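Asks: Each of the two chains sits in its own frame; use the hints to bring them together as a complex.
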Amino acid sequence: MKRVWQHPAEPTTGKRYWRSLGQLTGQETSQKWQDREFQDGAAVMKDEEEQETSRRSFLKLMSASTAMAGLGLASCRRPETYLKPYSKMPEWVVPGKILYYATAMPRSGGGTPMVVHTTEGRPTHLQGNKFHPDSNGGLDSQAQASVLGLYDPDRARAFSNYGKPSSRDDFFTFLNAAKKELAASGGKGFAVLTDEVVSPTRLRLIGELQKKFPAAKVYRYEAFGPANVRAAYTKAFGAGVMPFYRFDKADRIFSLDSDFLGLDRVGGKSVGQFMSGRKAQTSADPMNRLYAVESNYTITGGIADHRMRVPASQTVKVAAKLAALIGAATGDAALSAAAASVKSEGYNPGREDFEVWFKTAADDLIASKGKTIVIAGSNQPEAVQVLAAAINQALGAYGSTIELKQTGLPESQLGTLAELSSQALAGNVQTLLVISDANPVFDAPADLKWPAAQDSIKTVIVHSTRHLTATARKASWMVPATHYLEQWGDTRGFEGTYAVVQPMILPLFGGVSDHELLGALVSNEDTPPFVAPSMAPLPMGTVEDPGPGYKLVRDTFNALVPGASEEVWNNTLRDGFVAKTEYPAATTAFQSGALSLLAALPDAAAPSLTAMEVTFLPCAKIADGRYINSAWLQEAPDPVSKVTWDNAALISVKTAKDLKITLAAVDEADVISVEIGGVTRYFPVLVIPGHADNAVTLTVGYGQLGTGPEGPGRVGQGTGFDAYGLRTSATPYFATGAKVAKLSGSVAVPEGGSKWTDHKEIPAVYPIATTQEHHSMYGRALVREGTQKDWQDDEDFVMEQGTDAHLHGDRAEKTAENAFSLYKPNAGKKEDGTREPLLSDDLHQWGMVIDLNSCTGCTSCLVACQSENNIPVVGKDQVRRGREMHWIRMDRYFATDLDSDAALNNRQVEGHEWEEDEMDDPSMLVEPVGCQHCEAAPCETVCPVNATVHSPDGLNVMVYNRCIGTRYCANNCPFKARRFNFFDYNKRNPLVEKSAGPLSFNNLYAGPLGDRHDTELSKLQKNPNVSVRMRGVIEKCTYCLQRIESARIDARAHARKDKSREQGKYDETLVLAKQDLRIPTNGIKVACQEACPAEAIHFGNLLDKDSDVMKAKGNARNYELLGYLSVRARTTYLARIKNPNPELIKASPREAKKVGQGSKTRPVAVAGSSSHGAASH
Amino acid sequence: MANTFPRWTNTLPLKLLVCFLFMGAGIAGGVTYYFTQKYTRVGYMPSQPIAFSHKIHAGQLGMDCRYCHSFVEQSGHANVPASSTCWNCHQHVKTNSPQIALIKESVDTGKPLEWVKVHNTPDYAYFNHSVHVTAGVSCVSCHGKINEMPVVFHDQSQSMSWCLDCHLAPEQHLRPMDKITNLNWTAKSEGKDQKEMGQKLKDAWHIEPPVNCAGCHR
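Going down the list, the protein sequences come from chains A and B.
Here this note's numbering is used: the first residue of the first sequence is 1, the next is one more, and so on.
Here this note's numbering is used: the first residue of the second sequence is 1178, the next is one more, and so on.
Calculated directly from the structure, the hints in this document are not laboratory data.
Note that the structure is predicted; figures quoted are calculated from it, not measured.
There's no promise every hint is true.
Each pair of labels, with its calculated beta carbon distance range [said to hold, decoys possible]:
#1 A:G1114 to B:T1298: 35 to 45 Å
#2 B:R1184 to A:P938: 46 to 56 Å
#3 B:S1274 to A:A559: 49 to 59 Å
#4 B:P1327 to A:P944: 42 to 52 Å
#5 B:A1302 to A:P938: 26 to 36 Å
Derived lysine-lysine pairs resembling BS3-like cross-links, with alpha carbons at most 25 Å apart [to be verified]:
#6 A:K1019 to B:K1294
#7 A:K84 to B:K1281
#8 B:K1232 to A:K84
#9 B:K1377 to A:K1059
#10 B:K1372 to A:K1057
#11 B:K1369 to B:K1356
#12 B:K1379 to A:K1059
#13 B:K1372 to A:K1074
#14 A:K1059 to B:K1356
#15 A:K789 to A:K654
#16 B:K1369 to A:K1057
#17 B:K1271 to A:K1065
#18 B:K1232 to A:K1074
#19 A:K88 to B:K1271
#20 A:K1065 to B:K1281
#21 A:K1019 to A:K84
#22 B:K1281 to A:K88
#23 B:K1294 to A:K88
Don't be surprised by glycine CBs; every beta carbon is placed ideally from N, CA and C.
One chain only, chain B, in its complex shape (with noise of 0.2 Å):
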């Protein structure tokens, strides 16, 4: 009687083992390196030159994000402050402080501060935050709750997936233009239904994020 098996069946149990071993470990590398944090980047808290602190700032002060970051319903560029506008304040405040110093030194010198960027759109992605901030989509959609945070960290991952989830469906996340800078507000905080209330805002406003490529790359 004929072997059922051919021959080369015999180690073929064998080569599957070492098959498997090496997707295994393909599979282990692959999933420590690019679902960390690292990699992703959410949770990313770089230690800034400054310890300036948000949740002082946007949170107790109640500041609005725009006394600092003016030009964000302009320009693309959501503008980090120039060294003057620090100063306005503190010229007064906490005048004796050695972090204020350093902001002092720009001021006097013209020698910009180096802030540790947190945030990084790729150079072929073109984010566009007036867009986004006149049709209803707040900060904190993006950055996460940064009027808690003394130190800012990456919050979300702002992947391309991450982006297409939103452009998809963003009734998720619009909200009423006056609340764009308020990051305690939820629809919830209102008794409202964020996805019903979301719908009637794209539906008013005629929100219709891009989904093709020409939308951000160019």
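In isolation and in its complexed conformation, chain A is listed as follows (with noise of 0.2 Å):
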């Protein structure tokens, strides 16, 4: 007899959680991907003949193929296979093991500490360093993925000149010859652009360079910087004073269009710091509170307790209001008159309680004086930031939750881009080193100029690790830069701390660092013909030449740490960084007078539909665009948008219904073309509800020039759409007056010397790829939360939440007896009534706990995750048909608070018409999904090969030599969180479009005739301990059982081992305890919970009391996802917890319904079911 499962029915009261508008307003598009897990190819079979006919056909096919099998048959035996041992052990390495090494990575603003893991050689993983004061462990996805940027095969790898291959010897022979050129003339029309890095032998070189070459000026240039932060610190403060937020310290937190906790990077480890106030364990811990006043969507909009959204360049306005009611309630009068000052009479962003949030936050504000930050994002203009700097100083935040440090070099000693780009283009420089890997010629403000101050410059040579750029194929010489991973450097930590840089490995493609080639350019001698590395083991007693690149750092350090010695430098290296060296406390105090430049502020009129407001963002992908070819992070969807592989524009609801855009897009966007000042460029467009009305936001990096070695690489050609046209350095962060337009047909790209695009034309509806409606596992509470009353009025809110909701008792109960199961309700019910455990292994049983207060959706686990576990990338294409391989899948959810009235009035959800308003102001939850672990797996029950089973320690484990790709385990599962490799992903490459006559197809679809992967550099990233799957097999998350298993091995071989030593006994004899097995507490991290910068993930044993994944299970926010089903899920989740502020929900109403928990609806008699919604047969 066919079980039919009759789901309880979604609940009609409440708030509401939608993955999208498609969802919300009942869309086709939508619903398709709700339905079908797998949209394409898997064949549904119409009616019972269409049956009988594909069972012949399938017999037919299953004996002819077993036939052809047997033809094949002679290639099985086994190939001879070889050994190749090291010549000389080196030392350290035990073949088989991880390595792992101390490291960072220079980036702009300030290196990342991180450890490295690397096998026989091989970096292929990393994870941040906690032991450095600038790191709490955790890694954003753009430094994780920076170990495929090693391997990537369109790096620059070779030198050339004028386009033509070149070699390190004639470089260095033509840089010998133009040193004593510009070294007779003093450096005349001499210049030197770099990047934000800091690197303190980089400074000492360029101070070198400075003295040997008076005339020679240096330049800075970064697409995106803190630069107006910078700008309003040194005049508030003083030259090189930089603010540190504390917020572990902060009680209060209110951010003027920041996304600390995500794009804006303000500090190594704040986002850990951030949500050190939110872990919540018992309902009456003290929580920090967040208002965000935000243009665009963010993250950090997500997280925050109360959430304003405001166009950008109205910020300044929201700014000074706040800063008059502090300025009033605390008696500054500067702090008054500045915001009086600052023009913005009678704004309002459309919302009617404008007036008493503001108060209410201020006075939240007042109240925790000396416990608040307020934080301006480094987008926002001086304007905003001296603004926030003035209130923080009448709030006195300056030295309590607030470090001043004074930093690096003042602003005065490096010139800007656009006073390079003038004395250029005045014929002032004739020979320009660039050592960045920005590139101005694609993302300079167009009004610089750029291209043509570039091509005014006699000799150009770019220093870069990237492809071929815009930048360096204009250049006379390309100079390859050598990888992080690859050189001897150093840099310092965002807050100053001193941190080395060491190789792991050779360079692969050759190279120089930026060291080297600034150190070959003020040394006084000739740069040395270059000999290749070589491999032979030295004499015995002789020490390996490290290269110039150590030298160097070697030297720094000396100065840095006078008279270190040896061993000193050795821990250096081991530890990563110097203790003790970050920026000393900056002394200065405010100076009101900063406030004056308010009063010469315009008033900037508020965006309309006529003249809307653009702005500019980095990429959560890209960054700036130095990613593009990096084919992890393209893949990784957008935190918010869920956009893969491409760019988009971001709007509201109102303004996407005022152009006529498509609400629901998921596949199909609309595309609209952005105008200003002339400037026209075109981006699809998508609908993020939420976003301020009247205003696009653009994230840029994308839509780069060429193909193939001439562009952005393989991975990174073709996708996306330029924004950066449209910036200019009067509006670097944005603009406002731009005209919109949505296309009616579409547009040709005109050919030739303004080609901007790779596009031919720009299609009226651009296909997009986005991962939002994929493996959607519709409504059900799936995300819970509440506020911190509504959890200290009852304790167990949670299971009172959707589903669980319908089930009656109270926690204990409801998660173990009156559950409904899939199998006989009393399985595995002992004698006392307790439940036998139903896997067998009494020293570990493994579970995960993912604290969803604490978790932003940056996708840093989610890139971790694919760096340890060799997960391939599928492509643009396959994205679009739900195929991404991600093991860990980020949702996000919507929502909104369902119109009271319309429950009372039975109107039903998908039949409710949705005000604009209801749909633009929404909260968002954010979710990561991997493979449960269900202790009653549905997946197993219906494998007919027994390819996915459960392991003793309590994991669904997934056979691959078993699987023959039936795909019932993913039809079956109800968290949809297994993936199908649908193609031989690790070996035929997705990325490539091949041509057969009139037809065009992906690689993929070549079968045995497409491309490979580049193999060989490929393989060299992948976790050796890792099977890499191919076609067509199930694969999920394991837990990262390789790292389980090398832990319980370890435990037993040394405990065996060490024991027997100790006790000299080597029989039966020896004492030995079973908990002697056992790994130690926290043993084990996963590679997603040692990415998570919020430490939002928990693991661990199930059977160890002193656990953290234990006691995180212990926390009252603890649920299971479906947990109706009786599933038993090893992986749960802690509910979100908002802390709203109590009197602004008082006296508005509009916040008081954003802050709603999800429907906690009675049961309800369902069709055809039992009155607990149970089985029906």
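Replies: Put into structure tokens, the structure is as follows:
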């Protein structure tokens, strides 16, 4: 008898959580994704007759293929393989064991300290270095993916001279001659352009360079950076002073358009510090409170307890409002006067509770005086920065929650790109050395005319790790830089702690490090000809020459730590940093004179439909465009818009309606034209509820020109649309007065000189790959939330939400007795009523807890998982078919309170006419979902070949060799956590388009005739402890089985070996307790847990009461996804807790509505089911 | 009277014969292919670049296995020794042998020797030496009497069922931990019964070999 599972009805009251506008408004396109996990190819048989014929043809095919298989048998014999041992055993290397090295990734703003996993000399995986004062051990996705950059086949690999291949010797011959000429003229006409990377050795060498060539000038440029913050703090506190926020000490935080949990990197561990104030072990634990004012929906806005959408250009007005309120309350006359000088008369961003919102927020800040932070986004102009600084000053934040430190080089010593451009155009620059991964030809503001300026310079030398960028293509010399994992170097962490960059591997493609290049330039000697590094071991007693880069770093280190012995240096290499080398505290006081610039501000008109506002943001995936050739980052969905492989313009629901744009775009997005000052660019557009009205957010970096090696590389070519063309130096972060219109037909792109895109024509509708609707699990309160008050009122409030509300009894009963079961209700029940553990290992039972209160949705776990578990990239075309392979799916939900009227009047949700305002002011929640490792796993019961089974320690394991690809398991997985290898993604390159005659198709569809990956190179990154899966098998989260197994083996091997040697007994007289074989408490960290900067993921042994995971499971916020199915998932979640301001809830009905919980409906009778809504027969 | 057997049965013997012929051919082909040494690899004895004799080194000279396979107790891989390990002794011993010249060349140039792999674990199976040798499983259980092999050959089938045979009944192979690399040692040589001793060791050391998939496949 066929069982039909009747799910309890979805609740009709309370807060409603929706994945997309399509789902909210019941669009067919979204319904399609909800109904079918696998879209194409998975044939559904229409009727009995078709079933019969299909079965027959299936048998025919099977017999034919068996016969064919027989023919192929001869090739099954195993080939001869070889073992190649080292010729000389390197110290510390144990074949088969991972070696960990501390190093740091030099980045703009501050280096990221990390620990590199190397296997037999290959860096394969990165994690943060938690011992470094600027890291809590987490690592963001861009740093995580940099290991793939090392093996990028399109990296800068060769020297070239005016586009012609050259050699290292030729370049240094040229450089030796050039530096003699320059020395003779004192460096006249010589300029150096660097990026924001903070490297003491680089600064030292630049200093030497300026000494050697006194007339030379150094310039600094990054497309995005803290320039505005730096300028404002220079005015307010003095040159080089920068703020460092201590979010862990703050009770109230107010963000003025700052995405400090996401793209706005303000500190090495600010996410962790902020989240430490939201861990909420009990309902009585104090929590911090975040107010956010922002234009685009960011992950910071998602975490915020109160959020208001305000266009970026109007932020100064609301900042002034806040300043006025705080100035009045604290009696700070300077602040009040400054606030009054901002022209913001009568501004309202379209909220009826605007006044009261700010009044209560300001009161709240004042009440917590000394424990507050007001932070302005680095994209906000100086005016907002100084206002925020003045508010912080008035609230006594400096010295308590914000530390001021004297950083790096004073601004005055470094020129800007604008200055360099005008110097070059005036003919004052003859030689330019660009040491930077920035790409000014592509990303410099249009009005600087950088391409022309660069053309006017006689000799341009570009040193970069990147493929041939637009800048490098125009250069006289292209010098390939070494990847940071291949070189000696150094950097300072965010707050200045000195970190050494040490090489993990010899340069794969040769290359020169920035230090070596500058060192050669300042050296008085000629650079000797290049000798390829030899693999031959040196005679005994000699020390290997570590190269010039080592010496340069060592000199800096010796100056930094005077009299350091070899041991101190070795310890520094072990730890990766030198303690107590952070920037010194600044001693200057706030100068209120800085506020005078506010009066000069013109009144920025609020954006309107005819003069819209455009915001330029660095991309969460590819930053300012520098990571465009990173396949992992390209495929990692944007945290909010969920776009992969492209960028999109983001707008609000209201603006979309005004522009007649399809709200619920899934695979096809409308294209808009954006025109500012006569320049027009085109973008596919996605509607993000909660975006500011009449404003467009554009992410930059995409749309880089060129194909193959002559462009952004094979991964990045043809992806996305250029936004830099719209950007000028006057409007680097946002522009106003833009004309935006929906395209009614396709637009032809002119060929030739003015060409700015690879697209031959811009279609009116653009195919876009968003993962938002994929693997959708319907509603059913998968994400749960409540306020701190809800929790205090009802300790088990999470168990009263969604479908769990249908169950009777308290938490214990709900989770055990009364829960529905896929099996017989009493399975595994013991005499005393408790349940027998279904699994047998009495030392280890693994489990995971994900704290939704800490998770921002930043996708760093997703990329870490990809790096650790050899997860392939599938390409845009496959993502569009819902075939992305990520084991962690990062769900994003918007939530709106369903109008209580609707329920009362029996209005159906589906038919509900949503008002724009309801849709446009939602809260946002994120939830990472991977395999839940159900104890009673539904996938296991349906596998015809036992390819997915349970291990005694509670893992749902996948046996790839047994899997025949029926996908029954995926079909039966209630969490949609299983991924199928539709193609041999690891072998065949999914990023190549093939054509045969008139046909054009993806490489994957060319089968055995398709192109392979650059296998040798991509193989180097693979984790040798994880099988590389091939076509036709299912895969999914394994709880990092390889890490568990290696820990288990180590625990056993060590216990037996060590005890026997200790006791001197080698037989059965050895005293060994079973507990000795247990993996130490918290002895394993899984890759996602390790990467999480918010420490939201807990993993460990459920049989160990002291483990983190058991502490987390003991939290009252703990709940199971779809707990009513009684699958006993090992991964559970901690509900999100909001800490709204009770005063604001009282005063504003709108805010009151936003903080509601999920529905708390009582049992509803479902047609055809028993009163519990249980299975019907 | 109607026919007892329908008409189609007339050709049945012929059909059966043809069928049996095909089946017989299939079985014969399968057996010759799958059950021979070349497939199971038992007896596989490739010639190595250097005629290194375990019989001389481990047998006659009595060197411990772990002198060369030094990480066998720490790592999953039992490493093949680096050329420099050979060179430790052979810079003094038999320096004129043309075989040693190959080692000398490797030590000088850094070019590795290319040993032909005898025991090959498939990519999807993760065997770990350290956990076996520290649990009382001797080298001899899986590799045979290496100390008597002038040229190493594949002694055991090392198929999955062979692995499981031991994982289900480990007492048949456990021995005191100080006898792991003594390949000539047997329980009988000390007058003990292997099964009885093995059972005691299994209980005392909590030997519970995994028999679930995740034990070896990840």
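Asks: Compare the structure with each hint and give your call.
Replies: For each hint, the structure was consulted:
A hinted range of 35 to 45 Å holds for the C-beta pair G1114 of chain A and T1298 of chain B, which are about 42 Å apart. In this structure, R1184 of chain B and P938 of chain A meet the distance hint of 46 to 56 Å, their C-beta atoms being roughly 53 Å apart. Taking 49 to 59 Å as the suggested C-beta distance range, the pair S1274 of chain B and A559 of chain A conforms, at roughly 54 Å. Taking the beta carbon of each, P1327 of chain B and P944 of chain A are about 49 Å apart, inside 42 to 52 Å as hinted.
For A1302 of chain B and P938 of chain A, the Cβ-Cβ distance of about 28 Å falls inside the hinted range of 26 to 36 Å, so the restraint holds. As the CA atoms of K1019 of chain A and K1294 of chain B are separated by approximately 21 Å, the hinted pair is consistent with the 25 Å bound. A hinted pair counts as satisfied when its Cα atoms are at most 25 Å apart, and K84 of chain A with K1281 of chain B qualifies at roughly 16 Å. A C-alpha spacing of about 22 Å is found between K1232 of chain B and K84 of chain A, which places the hinted pair at or below 25 Å, so the restraint holds.
For the suggested pair K1377 of chain B and K1059 of chain A, the alpha carbons sit about 17 Å apart, so the restraint of at most 25 Å is met. Between K1372 of chain B and K1057 of chain A the CA atoms are separated by roughly 22 Å; this keeps the pair inside 25 Å, and the hint holds. For the proposed pair K1369 of chain B and K1356 of chain B, the alpha carbon gap of about 14 Å is at most 25 Å, so the pair holds. For the hint linking K1379 of chain B to K1059 of chain A, the alpha-carbon distance of about 15 Å falls within 25 Å, and the restraint holds.
With a C-alpha separation of about 22 Å, the suggested pairing of K1372 of chain B with K1074 of chain A holds against the 25 Å cut-off. In summary, the hint linking K1059 of chain A to K1356 of chain B is supported, as the alpha carbons are separated by about 16 Å, within the 25 Å threshold. Proximity of K789 of chain A to K654 of chain A is assessed by CA-CA distance (about 33 Å); at most 25 Å being required, the pair is judged violated. At most 25 Å may separate the alpha-carbon atoms for a hinted pair to count; K1369 of chain B and K1057 of chain A meet this at roughly 23 Å.
Of the supplied pair hints, the one linking K1271 of chain B and K1065 of chain A is violated, its CA atoms being roughly 39 Å apart against a limit of 25 Å. Our distance criterion of 25 Å between C-alpha atoms is broken by K1232 of chain B and K1074 of chain A, whose separation comes to about 39 Å. Note on K88 of chain A and K1271 of chain B: the hinted pairing holds, with a Cα-Cα distance of about 20 Å set against a maximum of 25 Å. Our distance criterion of 25 Å between C-alpha atoms is broken by K1065 of chain A and K1281 of chain B, whose separation comes to about 42 Å.
The straight-line distance between the Cα atoms of K1019 of chain A and K84 of chain A is roughly 17 Å, inside the 25 Å bound, and the hint therefore holds. Restraint check for K1281 of chain B and K88 of chain A: the C-alpha separation of about 11 Å stays at or below 25 Å, so the hint holds. Taking the CA atoms of K1294 of chain B and K88 of chain A, the gap is about 20 Å. The hint holds against a cut of 25 Å.
In summary, the structure is inconsistent with hints 15, 17, 18 and 20 from the numbered list given earlier, while agreeing with the others.
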